[in-house]
Amino acid sequence: MAGNLLKETFPDAVQKIEDFRGETSVTVDAGKIREIMAFLKESEKLCYDLLLDLAGVDFNDCTPRFMIAYMLHSTKFNNKLRIKTTVAEGASLDTVSDIWLAANWMEREVFDMLGIIFNKHPNLIRILLTDDFVGHPLRKDFPVKGRDFDKPVQVCLEEEQ
Amino acid sequence: MGVEATAAASLQEVINWARKNSVWPVTFGLACCALEMMVASSSTYDIARFGAEVFRPSPRQADLMIVAGTVTRKMAPMLKRIYEQMPEPKWVIAYGACACSGGIFQTYNVVQGVDQIIPVDVYVPGCPPRPEGLLKGIITLQEKIAVEPAGQRNLVSLPWGNNG
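Listed in order, the protein sequences are those of chains A and B.
Each step along the first sequence adds one to the number in our numbering, with nothing skipped, and position 28 is 28.
Each step along the second sequence adds one to the number in our numbering, with nothing skipped, and position 13 is 174.
Think of the hints as simulated: they come from the structure by calculation, not from any bench.
The model shown is predicted, which means the values in this text are computed figures rather than measured ones.
Note that the Cβ used here is the ideal one computed from N, Cα and C, for glycine as well.
Among the hints, erroneous ones may be present.
[Stated by the list, open to error] Each pair of labels, with its calculated beta carbon distance range:
hint: 1; chain 1: B; residue 1: W185; chain 2: A; residue 2: N123; range: 39 to 49 Å
hint: 2; chain 1: A; residue 1: H73; chain 2: B; residue 2: Q277; range: 21 to 31 Å
hint: 3; chain 1: A; residue 1: G90; chain 2: B; residue 2: C288; range: 38 to 48 Å
hint: 4; chain 1: A; residue 1: V153; chain 2: B; residue 2: D282; range: 18 to 28 Å
hint: 5; chain 1: A; residue 1: D53; chain 2: B; residue 2: C288; range: 58 to 68 Å
Chain A on its own, in the form it takes in the complex (with noise of 0.2 Å):
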């Protein structure tokens, strides 16, 4: 139903429809992401109005190397869509954290654990990491341990400085 109605609206923008034991997926072009977002929330036969999550995907060989997969749920209609998208590497994505304020610290987690950049998001910095982290631990080619995770921490406060 959703994933009929979306490609009748976005024929150019979808990509693929996936239907697996009742569970809808459509993958969908990044550069119409919001157009997409902002129209399965609005239209009153989808009404998707909550974002229950947010996540990216490495899958480091792959080109494009990134997915970023939208967990929507229709409280109206009580049922739920996956829409994923595609990133490259060093490429960005439109922000939806107007649309649901719920994507707000999704996009940034996401933004810290894989280094995706989301265009006009209003507070794009790390959110579970410290600010001067180096790297992105979420990447394929990120040490599982991290880099010199057993060397002495330095802590200084702001009032020894």
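We have chain A; now place chain B onto it with these hints.
Relative to the frame of chain A, chain B by itself:
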């Protein structure tokens, strides 16, 4: 030994006796070890037997910091600030494997032992240690306090001074 020296040594014994029997911990828990620390103050284990039942909500009123749990790198500045806010003399128990050495978290986001940030007096191993472990740690700390000579404790933030 002169009279003054004997009197000073006796005075230090009295001071140490008073200090070791009223070690007030600061309310500070980081992870699951903190639950074991809370259980230690229950009626079953009764940390009050050692004069350490008064968990102070303010570091200004505390003598002991029980670092109970995993110290992440993001938490490290806050931990150090709370330690610096405690008045001298102050002691630290590293409670549990994570506080002692990083424990199972050999990773970029966890401090590999709280002794990299603040000086530690007693290490209690275990994952998590049982409440008896904390009691044993406090008894060990009391034994350590009881024999501290005068002028032993240097101020961490003031390298030139000490506090008895």
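Against the structure, the hints:
1. Range check, W185/B to N123/A: Cβ separation about 41 Å, and the 39 to 49 Å hint holds.
2. Evaluation of the 21 to 31 Å hint for H73/A and Q277/B yields a failure: the beta carbon distance comes to about 44 Å.
3. Checked against the given bound of 38 to 48 Å, the beta carbons of G90/A and C288/B, roughly 42 Å apart, stay inside it.
4. The supplied range of 18 to 28 Å is met by V153/A and D282/B, whose beta-carbon atoms lie about 20 Å from each other.
5. Taking the beta carbon of each, D53/A and C288/B are about 31 Å apart, not inside 58 to 68 Å as hinted.
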